[in-house]
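With the hints as constraints, model all of the structure from the sequences given.
Chains as they are written, first to last, in our numbering: chain A, 2 to 307; chain B, 2 to 307.
Hints may be right or wrong, so weigh each one.
Unchecked claim - Under the rule of at most 20 Å between Cα atoms (straight-line distance), these lysine-lysine pairs were calculated in the PhoX-like manner:
hint	chain 1	residue 1	chain 2	residue 2
1	A	K190	A	K291
2	A	K86	A	K21
3	B	K291	A	K21
4	A	K291	B	K21
5	B	K21	B	K86
6	B	K190	B	K291
7	B	K21	A	K21
8	B	K191	B	K291
9	A	K86	A	K191
As the list claims (entries may be wrong) - Here are the simulated distance ranges between beta carbons:
hint	chain 1	residue 1	chain 2	residue 2	range
10	A	T198	B	F34	42 to 48 Å
11	B	G289	A	A66	38 to 44 Å
12	B	G188	A	F32	20 to 26 Å
13	A	D167	B	T165	29 to 35 Å
What the hints assert, rightly or not - Examples of chain B residues lying across from chain A (beta carbon under 10 Å, computed):
hint	residue
14	K21
15	L38
16	Q42
17	S281
18	V301
The hints are simulated quantities; they were obtained by calculation from the structure and are not laboratory data. Cβ atoms here follow ideal geometry from the backbone N, Cα and C, with glycine treated the same way.
This is what each chain is made of:
Protein chains: 2
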Amino acid sequence: MDWQAEIRTAAHRTEGYLVKTPAMVSHGFGFSFPIELKFEQMQHTGSFKPRGAFNTLLSEGAPEAGVVAASGGNHGAAVAFAAKKLGHNARIYVPEVAGSAKISLIEALGADLQVVPGKYADAMVQAQAWEAETGARQVHAYDTIATVAGQGSLANEWQDQGLTADTLFIAVGGGGLIAGAAAWFGGNKKIIAVEPTTSCALHTALEQGGPVDVEVSGVAVNALGAKRIGQICFDLAVKTGIQSVLVSNDAILKAQNLLWLAHRQLVEPSGAAALAALTSGAYVPEPGEKVAVLVCGANVDPDPLH
Amino acid sequence: MDWQAEIRTAAHRTEGYLVKTPAMVSHGFGFSFPIELKFEQMQHTGSFKPRGAFNTLLSEGAPEAGVVAASGGNHGAAVAFAAKKLGHNARIYVPEVAGSAKISLIEALGADLQVVPGKYADAMVQAQAWEAETGARQVHAYDTIATVAGQGSLANEWQDQGLTADTLFIAVGGGGLIAGAAAWFGGNKKIIAVEPTTSCALHTALEQGGPVDVEVSGVAVNALGAKRIGQICFDLAVKTGIQSVLVSNDAILKAQNLLWLAHRQLVEPSGAAALAALTSGAYVPEPGEKVAVLVCGANVDPDPLH
Numbered sequence: 002m003d004w005q006a007e008i009r010t011a012a013h014r015t016e017g018y019l020v021k022t023p024a025m026v027s028h029g030f031g032f033s034f035p036i037e038l039k040f041e042q043m044q045h046t047g048s049f050k051p052r053g054a055f056n057t058l059l060s061e062g063a064p065e066a067g068v069v070a071a072s073g074g075n076h077g078a079a080v081a082f083a084a085k086k087l088g089h090n091a092r093i094y095v096p097e098v099a100g101s102a103k104i105s106l107i108e109a110l111g112a113d114l115q116v117v118p119g120k121y122a123d124a125m126v127q128a129q130a131w132e133a134e135t136g137a138r139q140v141h142a143y144d145t146i147a148t149v150a151g152q153g154s155l156a157n158e159w160q161d162q163g164l165t166a167d168t169l170f171i172a173v174g175g176g177g178l179i180a181g182a183a184a185w186f187g188g189n190k191k192i193i194a195v196e197p198t199t200s201c202a203l204h205t206a207l208e209q210g211g212p213v214d215v216e217v218s219g220v221a222v223n224a225l226g227a228k229r230i231g232q233i234c235f236d237l238a239v240k241t242g243i244q245s246v247l248v249s250n251d252a253i254l255k256a257q258n259l260l261w262l263a264h265r266q267l268v269e270p271s272g273a274a275a276l277a278a279l280t281s282g283a284y285v286p287e288p289g290e291k292v293a294v295l296v297c298g299a300n301v302d303p304d305p306l307h
Numbered sequence: 002m003d004w005q006a007e008i009r010t011a012a013h014r015t016e017g018y019l020v021k022t023p024a025m026v027s028h029g030f031g032f033s034f035p036i037e038l039k040f041e042q043m044q045h046t047g048s049f050k051p052r053g054a055f056n057t058l059l060s061e062g063a064p065e066a067g068v069v070a071a072s073g074g075n076h077g078a079a080v081a082f083a084a085k086k087l088g089h090n091a092r093i094y095v096p097e098v099a100g101s102a103k104i105s106l107i108e109a110l111g112a113d114l115q116v117v118p119g120k121y122a123d124a125m126v127q128a129q130a131w132e133a134e135t136g137a138r139q140v141h142a143y144d145t146i147a148t149v150a151g152q153g154s155l156a157n158e159w160q161d162q163g164l165t166a167d168t169l170f171i172a173v174g175g176g177g178l179i180a181g182a183a184a185w186f187g188g189n190k191k192i193i194a195v196e197p198t199t200s201c202a203l204h205t206a207l208e209q210g211g212p213v214d215v216e217v218s219g220v221a222v223n224a225l226g227a228k229r230i231g232q233i234c235f236d237l238a239v240k241t242g243i244q245s246v247l248v249s250n251d252a253i254l255k256a257q258n259l260l261w262l263a264h265r266q267l268v269e270p271s272g273a274a275a276l277a278a279l280t281s282g283a284y285v286p287e288p289g290e291k292v293a294v295l296v297c298g299a300n301v302d303p304d305p306l307h
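Okay, structure coming up:
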């Protein structure tokens, strides 16, 4: 499969629908080396998710029954946003743990919102039932080619913005975002998958030789709490040599605080998880190793302005 | 006076001490036209003020008695930060209206903080007394060549980042930031001075033919609440044809909210004031007129992470 071509097509297809989010070099975290940052939380709906959502809907369209998605919250908001923009009805299933910031965001976007007990996997069961019942187009959060190629447009864009790093740090839930980056760079950069110790589906899959169910909890569970890593992500992780790093919930909250202190970026815990790999010392770069961190979401609960 | 040379020198002098803050094109505010944004609130200490503070201290040095500044809060934090970096003691006078976010920031930077009753002008009286008493180096918030040239480095940087706008919107308190921009662009771009209706020292000065004292209040008073516009700013405003636009406090708060909704940027009211000129309809661009908005501060009270 020619991932680079797929991603270039996704980037062209979604042009005009997405924010080209800014990149920056930071010396703000007390290290002797700079960190390249990309602020993808400035994307529409506050996370990277519209990339995959727009790519899916623009390439596949939607039937009369509209679209359906299951989500910890960010993907649901993105699908609601894209569906509204493209004139489709959207039914979004989220678990209670999505939290009020994400739930009110999806409501404000006019979607038919269904809050279900449990976690992301429980929302997925219901979304699949709705798909089967109505024929609505399922927009998967991470494990389809269209979604991964859409998220991959971020890596393409970052490279065009002059990314120089050898090593990229990307937070992982179901793995769509990191799969997109691995697909784009194809092993030409070292990619570090950062997961919370309390929800580490990729880490476990790499240890056990394939995707398996894991328990999920913690401060970033409404974004990184996928029970099982996507197969596309797992395959790309093995093929391109993605390395896994785990961070504690405390380390994530500390990194969230540091992003505010250093650059006044208020992000959700998942949005700070990748940075936590460095600021916690879980990963120590080699001398001269150039690093970059993707900041990927800012739907914080409580929403600071409501 | 060769302002461009002065600003280029400031930019070189301060290199390595400042964040090169990102610029972006936004379609996120519901207009038919794009808005170029620069996110200067990502600067050290959460506002543009370190540019002037570093340029002043690096060019003029400081005596044994250290440095002193009066500030609504942001300039004080910047002087405290720069002084600490350069090994000087700093005594910072702020009015009570500075608010807890700015006061705790200055304290955390290790400065000798003096909170005085009243507003910015009251803090200035005490800072001048301290300067006279001890010989400390006064770092003025807006009305010296070194400060204006330092802030002007922002305009230089933005141009280097590919700024294409015809018209720039910049919030005005004492006028150091807009003076720097006017000094850099020298009439080659239309510059709109945005002030709250409740603190509009430049607007009043332009009406009355020179700087005069005004009353100050409102949601942005701890950043834009200068009682009298700087003479340097006033002279540059007249010379380069800066235009004045006023915005209400409600319009400022709405723009603050829109920055969060569109791009997850949590800024202080003054940081959203320039955007308010557009989002409130106070300024309506001509067809084809390209606009840019400077986002300049994010020391919000209450601090979202404390």
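Point to revise | Violations among the numbered hints | key: Of the numbered hints, 9, 12, 17 do not hold.
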